[in-house]
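Given the structure of chain A, go ahead and fit chain B onto it with the hints provided.
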Amino acid sequence: MDRIGFIGLGIMGGPMAKNLLKVGYSLTVLDINPQSVDELVKAGATSAEDPCDVARESDIVITMLPDSPDVEKVVLGEEGVIQGIKEGALFIDMSTIAPAMSIKIYEALQDKNVQSLDAPVSGGYMGAENGTLSIMIGGDRTAFDRAFPVFQTLGKNIVYMGETGAGQVTKTCNQIIVGVTLQAVSEALTLAKAAEVDLNKVRQALLGGFAQSKVLDHQGERIIEGNFEPGFKLKLHRKDLNISLETGKEQQVPLPCTAIVAQLMDAGMAQGFGESDHTTITKIFKSTDRA
Amino acid sequence: MEKIGFIGLGIMGNPMSKNLINAGYSLTVYDINKESVSDVVKAGATAAKTCKEVAEQSEVVITMVPDSPEVEEVVYGEQGVLEGVKSGMLFIDMSTIAPATSQKVYQSLQEKGVEALDAPVSGGQVGAEAGTLSIMVGGSDAAFKRALPILEVMGKNIVHIGDAGAGQVTKACNQVVVGMTIQAVAEALTLAKKSGVNVEKVREALLGGFAQSRILDLHGQRVIDRNFEPGFKVKLHRKDMNIALQTGRDLSVPLHGSAIVAAQMDALLAQGDGELDHSALVLLLEQMANVAEK
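Just so you know, the sequences run in chain order A and B.
In short: position in the first sequence from 1, add 1266, done, that's the working numbering.
In short: position in the second sequence from 1, add 6, done, that's the working numbering.
Keep in mind the hints are simulated off the structure, nothing from the lab.
Derived coverage of chain A by chain B (criterion: at least 3 residues anywhere in the stretch with Cβ under 8 Å from a Cβ of chain B; other residues may be distant):
1) 1419-1429
2) 1477-1488
Computed list of lysine-lysine pairs in DSS-like fashion (alpha-carbon distance at most 25 Å, straight line):
3) B:K162 to A:K1467
4) A:K1515 to B:K207
5) B:K9 to B:K92
6) B:K207 to A:K1370
7) A:K1501 to A:K1552
8) B:K245 to B:K110
9) B:K151 to A:K1467
10) A:K1339 to A:K1378
11) B:K9 to B:K118
12) B:K207 to A:K1480
13) B:K55 to B:K92
14) B:K118 to B:K55
15) A:K1467 to B:K110
16) B:K162 to A:K1480
17) A:K1499 to A:K1549
18) A:K1339 to A:K1501
19) B:K162 to B:K9
20) A:K1480 to A:K1505
21) A:K1370 to A:K1352
22) B:K207 to A:K1422
23) A:K1480 to A:K1549
Note that CB positions come from ideal geometry on N, CA and C, so glycine has one too.
Chain A extracted, bound-state conformation:
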């Protein structure tokens, strides 16, 4: 069995690393939070000093970090993964970051004869715990085949999307659609509420037709119930839309609705909703909330 290094033991990385331990992989782990590291060490992992150290001990290095700058620092920075990783090793970044950064890291690691994959996930904390994440993968096919048993431990819906960056592009498409659909549902339900129409009946009627979506179903219900416990935090979705807009800028693809949703999320952040579920974008116009 490949020896695995795991960097980033947060709300997602923690349970993912534990699932790898459970199926028998030996793990070397690292996180800036010592408590997160302790927990994994108790579960059977070995702790390391820095990313370079993790890489030295591992055949496969996995990262699960908040954003592009974090991944860049961990891989390409001082005492970074790239300093310690062995020729022939495999690097898998499962964070949600900009496709351009995935490509940059891929190229840097290619120079060291290290294969790399971008493999962002969706399915949240529950999916990470239960090993049922959806994983969207970009990179060389041979690297994908090699990583497949690891992915099978972490997720269920595992899709090879294409070349380097394709996983991140797919993830950003996902976040665009979820974000704009959420805003669509929010606009519709706010309009219905202001018109004093029964929101449950509107949701039910719309679910039976072309307006049907998982977002109308789940997030629509949250809006009606006023349940804004995360779920998926507003600040994280805002970060993900930033990746979408950055990619749009780079590729010169105008994303007018995505841009407006990002702006409305900024308003939500300003009002202190960053830690709430992303459905709180429905609350940023207080005067329209006539509950």
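Using the frame of chain A, we list chain B on its own:
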């Protein structure tokens, strides 16, 4: 069986009225287009010369016309429905119009002792022909119960939402969600395409998660197949977005995304693409992004 009057025999009204005739109702009909009238008369209806005459000959009057001004014209105009109605009648407007107009018509008819329902539909021409329309109804309980056997001839998913105007509000909500979801899918798939990622694979991967929607499924497939035959025309969806935005203005509800989608639709109309399916929102984005057609 109640005697029905049917005003507006277009692409939707024509098959709807024929379904009523087939179910055994006697129909008095009116349309400004004489050919439409003679087609339905051949199927067994009686033609009237004015909307007033339709009302005089009927116990239940149904209207299926393009927009709010047409409904106003039919009801309030010279020789309009209002001149011909009697107390105890039922008026059902199945057009998609502004909730405010529905409420105005409701009030005017109430004063004449006439019950009114707003009952806009979704499901398109196919649903109208098959009698499988979704019908969203606003108005009183009693009026809804009275109308139900008639509505059941034309539709399948029939929901009484609430008071007068509630059906139109629900329809406007539907068009907001559909319009913005199409735009969401268009933005995502255009970004994927220009990034060189296989759009078909993206659609499939996303259908498995939280991004799932009927629009991603069906309109996403249209985008991949380059099939922009209507379906539901851009120009009609634009009209419906106008109702949503007008209602937002009436009620002071900001609708940022809807406003952008309406503007994108205006751009399509400006370049003569109003007759295409509303999934053509992606065509505009591809042009804007200068994405080479593969």
